[in-house]
Amino acid sequence: MAVNRAGVVDQNFIRAVQGMERAERRADVDSLIREGWAVVQNNKGDGQGDGGRGDDSDWWANPVREGWALTARAAMELFESQIESRHLDLTARALKARDQCFYTIGSSGHEGNAAVAAALRPDDPAFLHYRSGAFFQQRAKQVPGMTGSFDVLLGLAASADEPIAGGRHKVFGSLALNIPPQTSTIASHLPKALGMALAIERGKRLGLLPESDDRIVVCTFGDASLNHSTAQGAINAARWHAHQGIDCPLLFVCEDNGIGISVPTPDGWVAATWQEAPGLAYVAGDGLYLPDVADAAEAAARWVRQYRRPCLLHVRTVRLLGHAGSDVESTYRSPEDIAATEARDPLIQTAQLLVSGGWMSPEEVLSLYEEIRARITAAGEEAIRRPRLTDAATVIAPLAPLHPDRVAAEVARPADPAARAALHGNLPERDGPRHLAVQINRALLDLLIKYPEMILFGEDTGKKGGVYNVTNGLQKKIGKDRVFDTLLDEQTILGLGLGAAAAGQLPVPEIQYLAYFHNACDQIRGEACSLQYFSQGQFRNPMVVRVQGFAYQKGFGGHFHNDNSVAALRDIPGLILAAPARPDDAVKMLRTCVAAAKVDGAVCMIVEPIALYMTRDLYAPGDEKWAATYPAPEEHIPVGRARIYDAEGAEAGAADLLIVSWANGLWMSLRVAAELREKGVRCRVMDLRWLNPLPVEDLLAAARGAARVLVVDECRRTGGMAEAIFAALVDGRYAGSMARVAGADVYIPLGAAANLVLVQEEDIRAAALTLLADQGAGEGT
Amino acid sequence: MSADTARRLLIVCPGRGSYTKDCLGSLQGAAAQQSPGLAAADRLRASLGRPGPTELDAAPEYRSALHVAGENASILTAAATLADVDALRSAQPADQQTDQIVAVIGNSMGWYTALAVAGALPLDQALHLIETMGQYQAGNVIGGQMVYPLVDAEWRPLPSPELAQALTEVPDLHWSIRLGGQAVIGGSEAALAELQRRLPIRRAGERDAPFRLPLHSAFHTPLMAETARRARRDLSGLRWRAPAITLIDGRGAILRPRHADPARIRDWTLGAQVTEVYDFTLSLRVALREYAPTHVVLPGPGGSLGGAVAQVIIAEGWQGIRSREAFARRQSEAPVLISMSRPEQRALLIGSAAERPAG
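So the protein sequences, as listed, match chains A and B. Counted the way the working numbering counts, the first sequence spans residues 1 to 781. Counted the way the working numbering counts, the second sequence spans residues 782 to 1140.
Just chain B, with the same shape it has in the complex (with noise of 0.2 angstroms):
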């Protein structure tokens, strides 16, 4: 493939909600189980004598408190998007390589996932960072996130007065992620409640708003500050290192390859990450306006991520994608949103459709 067809991808990593009932199983194929991702999270789960991801994935059934519980959850959706990205990469060895990674972004727990997949932290020390923050929900969820819609069910801009509104004057209530379309507020329990008694019920595609993410903390916001304090003693070791593959974080800050300062990849991560809204719209806008990507890729359990990533296409007119109805049409010509978890997309990217049971 000539320079002129390669493809540029943008590489999204998911956050730790992604992985959801339709998911069991997908890492028991011979792709996932040759991924070196993978492999190191069942190490690294089984040294602490815990339930790796390849066995979380092959329970008979779906269970939330064993597959949402946040000590599982995270190191599970990081080890199903590594599985992916590792096969993506196996599809193109380095020296025939006809496809391109200009840039990682990740959702929320994804940014871990990011950091390992773009080389600014060691694999297994990525792992461990993705472990130790996911043990730390274990039976200490600290407040909730909640759900609210911002655009109609065409996808365009539906602003909510009232969330607004309860921003300013509800205590304890912050933005967590700037998701798209998505509102996701983070608060303490009677923040959450006020919010919900306040804002009225808008349809988010199946379901109503505003919802509750189930066992999920009151992430980015201050809520967080003990845990941000508790990881920077508890990880004072890791390693960073600039990314070998350019990464741009939750404020919209490219970090390129060779020269990003690992100090600040760590202060960030460790900090302000934790306890400041994660801004997912603005890294994937930023990756789309300055690393011109061909493809936005979702690895793992990215597919529930595809509508936000969507509502941000579209709000840009990214190639000349100015609707949910142009966006469809265009994913049902030639996608240029390619969700690895649906095999038909994941074939227009590795061509081996088959390894992947579908979920």
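So that you can see chain A by itself, here it is in the shape it has in the complex (with noise of 0.2 angstroms):
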């Protein structure tokens, strides 16, 4: 049976500190210590003086040890947030093995992050990784009111009285104490803490933030996911930014344990890497030893508080009780390692400190231990008593809530008049009908007006206006602060777009093709999107991604250029995804998601086609029915509202049947249509335009007057919309026949040979036919 490496970790503690050396007391600790429980233990307060101590003799101010700054009080506080976030650790383990606590990665042997935490304000936003125990203690500990200890382990017990995550994962996370919460990440947090960095000081340049606001941004995460290109990729942008001496007040902490999971880090990899990158200043404190590491944070923070420019801290730590509850160390490590690692446990060494200087006995260190031990125990008692989660409905609650009525109401809000006629020119809604891409850049130079604090940016996106000319003249107009091109780094894109939101910003970042959107997914999928979840909408990130996307290039730029799989997106919960087809339509579904961002601290992708952009014509040549002209500035489509499109002065009532697709496949469908209805057959058309969430009711009124339903889309096969069309179908009961036309199964080829995998309208028309050739459907319904 594997050795309970908590209880050998627990009892090394205790055995090391009986065996330290009582040192000679401190005659003014003494006194005072005697002095104040004469009072409270003995009943015999003479209440005649200090103990010899003058007002301005306050002993605990000292150094804790000659030579260091940290004070033998600030020791004493770090020492107690350290016990508490070992008995945190050791209560998980206990609740676990009786079934009632769900999560057992620890802190254990990094608690001299306290020190890190002591180093800065409780404004200071923190994006923490899970090891991150002590620090989280000792923050609670700056801010009164807070009860650090008891939330996490409601946290550890799932209940849905934790306070931020309300039972859904355990966070660190805190509202209170600006701690947006993290959990098993992978340096996924480290673009958005980025982001945050430069959004303080673009804030300032905006007005959005006072001057004087001097709050740094940290981030910790260890040596092991340091090497994730998420890592990386944020370290990099962070120099990138500083070597332009773009201010960028960005702490980054790596608590070095030398070990991922089982795989050591090579000795000297952090420091070797890191000490001397250009734009990045390197601090190093041993984490074992508190009065090093206080020092070594006390000055990164400063720093950075001072110069605004990025540093690495990197703390020495180690790791005792293993990965995870369940990692046993003993099948990768041998015996002698992992005690000779238990030896070094920076608590023996804190204990050591204070008894070696005479602050504390043995005895009260061991006595303050219990103390933590049995209040920490008891409080686990309570919080497992505690309610958890109990049905569907109230878990998903928070994940993307959405206010129609709301999102009306603010796109109606009308912009200043003046400074869209100043900054338009003639305005848009009294010219005549344009194509997609320049309606797109007024809409966008709408939303610029009309909030202050958004901010356009990506690749491309600023000085050349983007690779379609779709943001041309933006930044000319609004200014380089909030129209900007970004390095090449779809994660840091997408990392600005979440740290500006969480400053209060409203990004609207733009991913340049889809493609290159799935090398970044994750900081949707893991990042954005559960913000609101894990904190039950006390954090929220809004934003409005634009992706160019889809095929249909006339064989131009192969798979990058014309990806087509929505699959990706379609599964995150709480991405509102939008695929305008038309001019008019992609402006009101841009003003909807930027209002629902706005009010209800949405999610939203827009995936806009890039073979519309510059389409003018629908049937024929000249016919400039592709065109469209501006819609009146109040209006919009409220998300998961779908359209039809009939015969001109077609009657209501059944029809044969219903195309059901979007963007590319809605212009090829039409043109089907024309021809189908030129033949006899009562054909309407259906633009989902919203793929996430799905147009169901509107779909469903409609295939309910169709005998036949064809589905046109332009995605994959595999993965498609129309999977979801017909399920969405089934689930309603539709009763008439099926069918569907989609992309194949591939990336899409170079040249002509595009065609031969994408839908192509004969492969419409011919579908078409053969379900109306069916005449066994009846009705619909």
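Careful: at least some of the hints might be erroneous.
[What the hints assert, rightly or not] Residues of chain B clear of chain A, computed beta-carbon distances all greater than 12 angstroms:
{"#": "1", "residue": "806"}
{"#": "2", "residue": "840"}
{"#": "3", "residue": "950"}
{"#": "4", "residue": "975"}
{"#": "5", "residue": "1060"}
{"#": "6", "residue": "1103"}
{"#": "7", "residue": "1112"}
[Claimed, not checked] Stretch by stretch, here's where chain B covers chain A in the computed footprint (C-beta under 8 angstroms, at least three residues):
{"#": "8", "region": "76 to 83"}
{"#": "9", "region": "136 to 150"}
{"#": "10", "region": "372 to 379"}
{"#": "11", "region": "543 to 555"}
Hints are computed from structural coordinates only; laboratory data are not their basis. We put the beta carbon where it would ideally sit given N, CA and C, even for glycine.
Assembly of the complex is requested from the two constituent chains, each provided in isolation within its own frame, with the hints serving as guidance.
Right, here's the structure in full:
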């Protein structure tokens, strides 16, 4: 049977302290304690004096050890945070054994991070990793009314009373402590920490934040996740900005325990790679020895605060109790190695510091250790009595609230007419029909006018105006602080958005092509869309991500520029996914998305069909039927509302065929529908417009009036939209005939070969005729 | 008693209005008369030529002018509280402790008593502080306090939009104490009159609310700024120190033995504590959550605070108690809230109900 390392580490501490040599008691300390206890323990308050101390001789304000800045008082407080964190780990394991705790990744060995918290202010945003127990306890001490230990216990017990995630996950998070919830992250929180650091400085330049705002952002992570591309990308991006002299007050804290689950970090790797990196200050501290890590953290934090430049604080730690409760270290570490690591327990070292300095006796240390154990054990018993989540609706409720009425009101709220007149010149709604790219450009300008906190950015978005000129001229009109170019790194682009949103801005990042979103998907999937859920709406990161996507670029570009995969977007919980086809719809849907972001904190993504950007005609060259006038500023399209195209003058009532599509597929479907109508087919076309949430009600209502439904899915056959549409029709008990045409399950090739794997008009026509030949189809209902 | 069964006690020191008619005579028993706290209070008052708590308590009848007046009520409440805490401690010598006081909180003036109980001030100095703050009230009541319930008869939350609105609109009207299910509002005479006009009548226990607390100033509001300044000047000689038992103050800050900064305790006690809202609810919530007591103890004349404490317990769902009915049931079976002024509950704590004359 595996040895219980929690028990070993616990007993090691007790034995080590028992074996410590009692130092000569500092007279001043002694008198203080004697005096303090006299009143309450022995009922002998003499009230006669101060034990020889005057007001100005506060001995606890002396250095805990000569030559160090850390005071005895601060060391004592940090020690308590360390012990609290340790006992929370031990309690987690004890409760786990009773099936009352559901998370055992702990902070043991990392408790030196309490000193990092102490070096910061509680209003410094902190993006923490999962070994931040002592940091959390220490920060909780900085704000009155906080209950740091109990909150962690509620998280361990997955209680609905847990104040941030409400039992949805064990996180370190707190609104009052400026700690956005973060869980089993592998550096995925670093891009947004960077984004927030940059956004604080941008906010000051834009007048959104006071000039005096000197907060810094801190993010913590381990030595193993430092190797992750997300970490490397975020640090690179911080340096990229610092190199240009752009303020970026970000403190990276690498807590280096030398091992990632079972894989050791090469000796000296972290220091070797970062200590001389241009654009990044580097400070190292020994997280096992409080005075040293406190000095290092203080120096690093002060430097970042003063100079507004990024710094990496490299804190040496050890990992005790394995990676998690389920991790049996003995399968990959020798007993000697495990024991040697346990002997370096930072708690033992802090105890030694305080005992050898005469600040505490070994008995007092043990008394304190046991007092905190008793307190946390008792609090743990209370925590597991607290209610848990008991129904799915409650679990899901905070995921992505959407209030259509408030969104509509927000869209209708007018922008400053003078600013519109000045920046548009001629108002766009007075202009004639224009194509998609132009109308999106105008809509973005209107939104930038309406929302002074909105920022628009991406690779080539600023000066060039985008690879398709969609953002052309916006930087010139609005300014470089709000419309700007980024470096080529989609994780960073999205991280800038998350961080800006956290700082109160309204980000509209652009991903140049859908295929490039996939390498950064986790920033939306794991981070952006989960934030309201894991914080019960206390934190939110509203944003509207514009993505240029879909295929049909006449053979140009190949796979990366014609990506038609939406599967990875559609199943992201809470993501609003828009796919406009027409210029006027695109404008109205953009307004909806930005308003939803504003009022509901929504995370939205708009996939703009590249192939339709410049399209003006529909049925015949020069007919201008795909150009559209600019919608009046108060108009919008509610999320999840589809659009029906019927023959001009057609009467409502039964149809022979409903074609369901969106984007490029819509354009083709309308052309085919026109042909079919000429043959006497009563044919309607539906533009879904929203791919998530799917307009199910509109779909079912339209389908029920049609004998047959043909889905034209320009995405891949597997994981495309048709599967979802069919499922919705079946769920809705649609009784008519159904068929689909869809793209092949393949990467889009270059040249004319692209058309071999993408849906073509002739495919639609053929499928429609086949379906129409099915005489058995009755009414859709 | 093993560590598993040792009781974890939270001491809640009551505020000034707690010493009521029913308390008269409660300090005359043998136990109280052995209390160093009461003796020190009597000595202090004698040195100032004023009647001590023992004498006030021995009065043949309860008179508002005598017992409710701030200059007497403060020291009387504090001494009665200290007498009970001393009784509790005497019953359990330090070397045979089966119960542990895990934390101390106070309500309003009870904070000063808490400082003494936890040892953040030497006993005599804490009494000096209490006496000084009490004497400031002699003939010098500034504004007043008004109580209004924010729970229904079953102690379920019952928000008051009228109160919320008044607090944003009426000048010189402030939250004074967040007291469980009750709002204690402080303000000028004009502000309180306006509040009275705006608030619909609600039942608060046996009486109609809102009602005024007699002879109380607008404690814990900006109206007391001058008092705070005066206190900082008059009380500059106090020797503050880290408490020997955890204290939780009226904004929920935890002040730990050894490393709590005495200067911070002083600055808050003689500063924001006087002029800003006292959040008793939060201090109790922090204590319940972080210190997980098995019992909440109300020493001295603290019984009147029982309702507020219970309301916080219910709001917390502490120990699974989630309604007034559940609370009452628990109290009748195995009390978790122990009022030392109730002989049967006092006996649970120190096993000698007979020592204290019933109120």
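field: 12 angstroms cut-off, C-beta based - residue 1112 of chain B kept clear of every residue in chain A
entry: Correct as stated: the minimum Cβ-Cβ distance to chain A is 18 angstroms, above 12 angstroms.
- prompt: Are all C-beta atoms of chain A more than 12 angstroms from that of residue 950 of chain B?
  reply: Check passes; 26 angstroms lies beyond 12 angstroms.
Residues of the region 136 to 150 of chain A with Cβ under 8 angstroms from chain B, three needed, outcome: holds (count 8)
message: Please verify that the nearest CB of chain A lies beyond 12 angstroms from residue 1060 of chain B's CB.
response: With a cut-off of 12 angstroms, residue 1060 of chain B comes too close to chain A, as the shortest Cβ separation is near 7 angstroms.
message: Over 12 angstroms from every CB of chain A: does residue 975 of chain B meet that, or does the non-interface label fail?
response: holds (30 angstroms)
- prompt: So is residue 806 of chain B really clear of chain A, every C-beta pair being over 12 angstroms apart?
  reply: The claim holds: residue 806 of chain B sits with its nearest Cβ about 23 angstroms from chain A, beyond 12 angstroms.
query: Going by Cβ atoms, does residue 1103 of chain B stay more than 12 angstroms from chain A at every point?
result: violated (9 angstroms)
- prompt: Holds or violated: the region 543 to 555 of chain A covered by chain B, criterion of 3 or more residues with Cβ-Cβ distance under 8 angstroms?
  reply: violated (count 0)
field: Nearest-CB test (12 angstroms) between chain A and residue 840 of chain B
entry: The claim stands: residue 840 of chain B keeps its Cβ more than 12 angstroms from every Cβ of chain A (closest is about 27 angstroms).
- prompt: Within the assertion that chain B covers the region 372 to 379 of chain A, do at least three residues meet a Cβ-to-Cβ distance smaller than 8 angstroms?
  reply: holds (count 4)
message: How does the region 76 to 83 of chain A fare against chain B when you require at least three residues with a CB closer than 8 angstroms, holds or violated?
response: Our answer is that it holds, as 3 residues pass the Cβ test (under 8 angstroms) against chain B, meeting three.
Comparing the model with each earlier hint shows violations of hints 5, 6 and 11; every other hint is respected.
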